[in-house]
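Top line first, the protein sequences correspond to chains A and B.
First residue of the first sequence? That's 1 in my numbering, and the numbers climb one at a time after it.
First residue of the second sequence? That's 1 in my numbering, and the numbers climb one at a time after it.
In short, the hints are calculated from the structure, not lab data.
We put the CB at the ideal spot given by N, CA and C, even for glycine.
Misleading hints may appear alongside valid ones.
Claimed, not checked - Covered, in the sense of this in silico footprint (three residues per stretch, anywhere, with C-beta under 8 Å from a C-beta of chain B), are these stretches of chain A:
{"id": "1", "segment": "174–187"}
{"id": "2", "segment": "207–213"}
Said to hold, decoys possible - Straight-line alpha carbon distances no greater than 20 Å define the calculated SDA-like cross-link-like pairs of lysine to any residue that follow:
{"id": "3", "chain 1": "B", "residue 1": "K132", "chain 2": "A", "residue 2": "T202"}
{"id": "4", "chain 1": "B", "residue 1": "K121", "chain 2": "A", "residue 2": "S217"}
{"id": "5", "chain 1": "B", "residue 1": "K160", "chain 2": "A", "residue 2": "R315"}
{"id": "6", "chain 1": "B", "residue 1": "K121", "chain 2": "A", "residue 2": "T202"}
{"id": "7", "chain 1": "A", "residue 1": "K203", "chain 2": "A", "residue 2": "P213"}
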Amino acid sequence: MNPSAAATVEAIDLTRKPRPLEVLVQGSMFLAGMISILTTIGIVFVLGREALLFFQTDEVTLGEFFGSTTWEPQILEFGIWPLVRSTMMVSLIAVLVAVPLGLATAIYLSEYASERARGILKPILEVLAGIPTVVYGYFALTFMTPMLRSIFGVSIVEIFNVASAGIVVGILIIPLVSSMSEDALHAVPLSLREAAYGLGATKLEVSLRIVLPAALSGVTAAFVVSVSRAIGETMVVAIAAGASPRNWNLGKDGVLTTILNPFISGETMTGHIVRISGGDLSYNSIDYNSVFAIGLMLFLMTLGLNLLSRRFVARFREVYE
Amino acid sequence: MSDKQAFVRTTVSASASPDEQTLTSAVETRSLNVFYGSFRAVKDVDLTVYDNEITALIGSSGCGKSTLLRSFNRMNDLVAGARVDGEVLYHDRNIYDSDVDPVEVRRRIGMVFQKPNPFPKSIYDNVAWGAKVNGYRGNVDALVEEALGQAALWDEVKDKLDQSGYSLSGGQQQRLCIARTIAVKPEIILMDEPTSALDPVATLRIEELIQELKTKYTIVIVTHNMQQAARASDFTAFLNMDEDRAGRVVEFGKTGDIFTRPEHEETENYITGRFG
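Excised from the complex, chain A in its bound form (with noise of 0.2 Å):
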């Protein structure tokens, strides 16, 4: 070794330097993940808690919860199926609205809007999701109801019924669905759609069978997202879908007629929670307690429906590059 040419080297300070800042703006960015999920833990352990309390109670027992199907806390009858029903239908109504025709608008505006009709229709559905959910109530009470009643009769829809509530929520729930959707055909790349084209496929096709596939985990998202915000609805069913819980009785009552009739009114898990505690509610009452039973259970299903989903996804989605 030359010491002249290793002389020539110039000495270069390559220690680890101290850099505060990137430090900091690490640390407040992991904070700032964690206090949702904090919050989430904080919640379920309050709803755990005091539906424990609830549980613990002489007057009710699980078995009693989901075993009954009368929900009626002055004689401390406390099943939950009448309320879950009412909260299902609302559900299974406002999907069945709102996916197709939330889908079809995505796919539309995705696929085939001139730059024109979006500019038109996109501000349009913004509208409508900024519309609050006390107008949502008032309009299914004040026009989807008389609708319903002058279609399908005033002796068959009652006043406060399920349809009216799901269909009016499903509306709500449109923007969410499409503008989700939207997102996850539009981040399908063009070189999958040329693709397509380059194969004689038509628009129809290649919406269908190409887009639609390969969004299909962003689109089940906006599909998870759009029923658990049916499920947490609860202004438009407070005003609407009905302010007593319908009881049923398996075997004695029909199950069309009654059970799974969407023209009978019917209070939901949220309508219930917020008339019940809007009132002179006591600390530590059952019935305060059994609103924390509710909301877990509330919880749980849409706990349930996340899970579904991701297996449905991890089984049907088509992973692109």
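Given the structure of chain A, go ahead and fit chain B onto it with the hints provided.
Using the frame of chain A, we list chain B on its own:
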């Protein structure tokens, strides 16, 4: 325009040998201009693509080669603001006539793209999809095997047909895309720089494949690789940009002639690498 056509004819007939007399035109453009909004990307192109021959379009970046290629099967329809003026004749029809269905055109004039773009589906479905949408009634399994065989991919994928097209290497993906195009049984295959995203070995395989496909299909290939054009094509069109940045066909002829004795100085400059 008439000058250039006359030139095209002389180039072909001047070196005519018995089998070249049978050259028939597959696609012909007449005063073709392509615009993107107000920008003219391709200017006054009169070009003939011959049946069962490989025609290469060469030229520098942005000279309109790809735009010209995409006008052969109305792929430019998908670009907002694109407009075509002039004619593209295919089976005696101008494919830009208002009563021509672009879907029917693309079924017969297929396309392979620059970046391999398999569908996010299984290898089998990638090949079968196009045939199925076109109402193929025969044995799909046999069709898939035949198409993958012609694309020289069958032996590599026959045991994993149900795996995603994305599980393949880049070169294999591109051969899959070729197989997918073949499965629709087109007459003409347009290739837009099909090897530019591939390594040299994969490139060579695709070039060999293109030679094999020539017996069954008419091929038009855009390339910025001059060696590729010289190696792999029968006819070459050299495009260059004018001052207004519109692409124009400077010279068209047999590949051997274009590369050994180009008639235009522009062509010679480009081929010898003295491109300004």
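For the pair we were handed, K132/B and T202/A, check the Cα-Cα distance against 20 Å.
-> 12 Å, holds
At a Cβ distance under 8 Å, does chain B reach at least three residues of the segment 174–187 of chain A?
-> This one is violated; 0 residues, fewer than the three required, reach chain B with a Cβ under 8 Å.
Hey, K121/B versus S217/A, does the alpha-carbon distance stay inside 20 Å?
-> Status holds; Cα separation ~15 Å.
Given pair status - P213/A, K203/A, alpha carbons within 20 Å = 15 Å, holds
Coverage criterion applied to the segment 207–213 of chain A (partner chain B; beta-carbon cut 8 Å; 3 residues) = holds (count 3)
Does the alpha-carbon distance linking K160/B and R315/A stay inside the 20 Å limit?
-> 18 Å, holds
Between K121/B and T202/A, is the straight-line Cα distance small enough, at 20 Å or below?
-> Holds, because 19 Å separates the two Cα atoms, which is no more than 20 Å.
When the structure is compared with the earlier hints, a violation turns up for hint 1 alone.
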